[in-house]
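Trainee: Each chain, letter by letter, is given below.
Protein chains: 2
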Amino acid sequence: MAKRTKIEGVTITPLQQIVDDRGAVLHMLRNDSEDFTGFGECYFSEIFTGAVKAWKLHEKQTQLLSVPVGKVRFVLYDDRAGSPSKGEAEIVELGRPDDYSRIRIPPGIWYGFTCISDTNALIVNCADLPFDQSERRSRPPKDPEIPYEW
Amino acid sequence: MAKRTKIEGVTITPLQQIVDDRGAVLHMLRNDSEDFTGFGECYFSEIFTGAVKAWKLHEKQTQLLSVPVGKVRFVLYDDRAGSPSKGEAEIVELGRPDDYSRIRIPPGIWYGFTCISDTNALIVNCADLPFDQSERRSRPPKDPEIPYEW
Numbered sequence: 031m032a033k034r035t036k037i038e039g040v041t042i043t044p045l046q047q048i049v050d051d052r053g054a055v056l057h058m059l060r061n062d063s064e065d066f067t068g069f070g071e072c073y074f075s076e077i078f079t080g081a082v083k084a085w086k087l088h089e090k091q092t093q094l095l096s097v098p099v100g101k102v103r104f105v106l107y108d109d110r111a112g113s114p115s116k117g118e119a120e121i122v123e124l125g126r127p128d129d130y131s132r133i134r135i136p137p138g139i140w141y142g143f144t145c146i147s148d149t150n151a152l153i154v155n156c157a158d159l160p161f162d163q164s165e166r167r168s169r170p171p172k173d174p175e176i177p178y179e180w
Numbered sequence: 031m032a033k034r035t036k037i038e039g040v041t042i043t044p045l046q047q048i049v050d051d052r053g054a055v056l057h058m059l060r061n062d063s064e065d066f067t068g069f070g071e072c073y074f075s076e077i078f079t080g081a082v083k084a085w086k087l088h089e090k091q092t093q094l095l096s097v098p099v100g101k102v103r104f105v106l107y108d109d110r111a112g113s114p115s116k117g118e119a120e121i122v123e124l125g126r127p128d129d130y131s132r133i134r135i136p137p138g139i140w141y142g143f144t145c146i147s148d149t150n151a152l153i154v155n156c157a158d159l160p161f162d163q164s165e166r167r168s169r170p171p172k173d174p175e176i177p178y179e180w
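Read top to bottom, the protein sequences are chains A and B. FYI, in our numbering the residues of the first sequence are 31 to 180. FYI, in our numbering the residues of the second sequence are 31 to 180.
One or more of the hints may lead you astray.
Just the calculated beta-carbon pair ranges, DEER-fashion [claimed, not checked]:
1) B:K172 to A:P177: 51 to 61 Å
2) A:A111 to B:A32: 42 to 52 Å
3) B:P170 to A:N150: 29 to 39 Å
4) B:D50 to A:I146: 11 to 21 Å
5) B:K36 to A:S113: 47 to 57 Å
In short, the hints are calculated from the structure, not lab data. C-beta: ideal position from N, C-alpha, C; glycine also.
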């Protein structure tokens, strides 16, 4: 079952890890998952220990992210006009084995992430639309409009 | 462009790696990719150095696999009645940076894999149908019917 967060439309869904002495099988997403709205593109973002990738926002694309390798802190900020959670920030840390979950980030949310494990991390994104530069916005990590210091 | 292999319907498509000093962005699959036929499920298979996961076959599901972490040797064997490549085996090694590609494995092909890097590997599968135990077959790694020794 998906868990709600402080930000409207952002949910966290715990995922199954099937442990095996040759290496685990890790669930990510099915076409009947409650937060699946269509398949546009799957891609990966590697992130080195201590590195920061921020801030990003998609005007149309919904992100479904999981972290099969390493540990990642995601920071999200709701700046959507008319959102009941406008002005809220949320911090979500994902990684195995204790926090192996899928996070849903709807359009209009500013987000960024940093690798908090000693080893590099890998994020997998199954987005509902293929990448389109024209609907993507970005801000520098130290943007004064977003109340979080990396 | 997808490259054909000795086995009918098995293709290899080189994928883009966008290098970045914080960690690369790695392409996997879009809904307009030439080998995309539908989204059923995305899941990951971790494989430890030297471990073998074999043999598997899906009667209906098509697998689209890439290896964003570590290096993996895939071995495929065509035992399909009526296939022009029946009896052929194919070995494909995938891993970054030189062999970062997507392999398409259609239904009816026996396949298995082993991790050939010093570090554990991660395989990502975007399959066109969700997992269904009833269409999945398996054989032990040392099956005498398949001409490959792990």
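Trainee: Now tell me, hint by hint, if it's right for this structure.
Mentor: Hint by hint, here is what the structure shows:
1. B:K172 to A:P177: 51 to 61 Å: holds (60 Å)
2. A:A111 to B:A32: 42 to 52 Å: Holds, at about 44 Å.
3. B:P170 to A:N150: 29 to 39 Å: Holds, at about 35 Å.
4. B:D50 to A:I146: 11 to 21 Å: holds (18 Å)
5. B:K36 to A:S113: 47 to 57 Å: Given a distance of about 55 Å, which is inside 47 to 57 Å, the answer is holds.
This entry satisfies every hint, going by the numbered hints stated previously.
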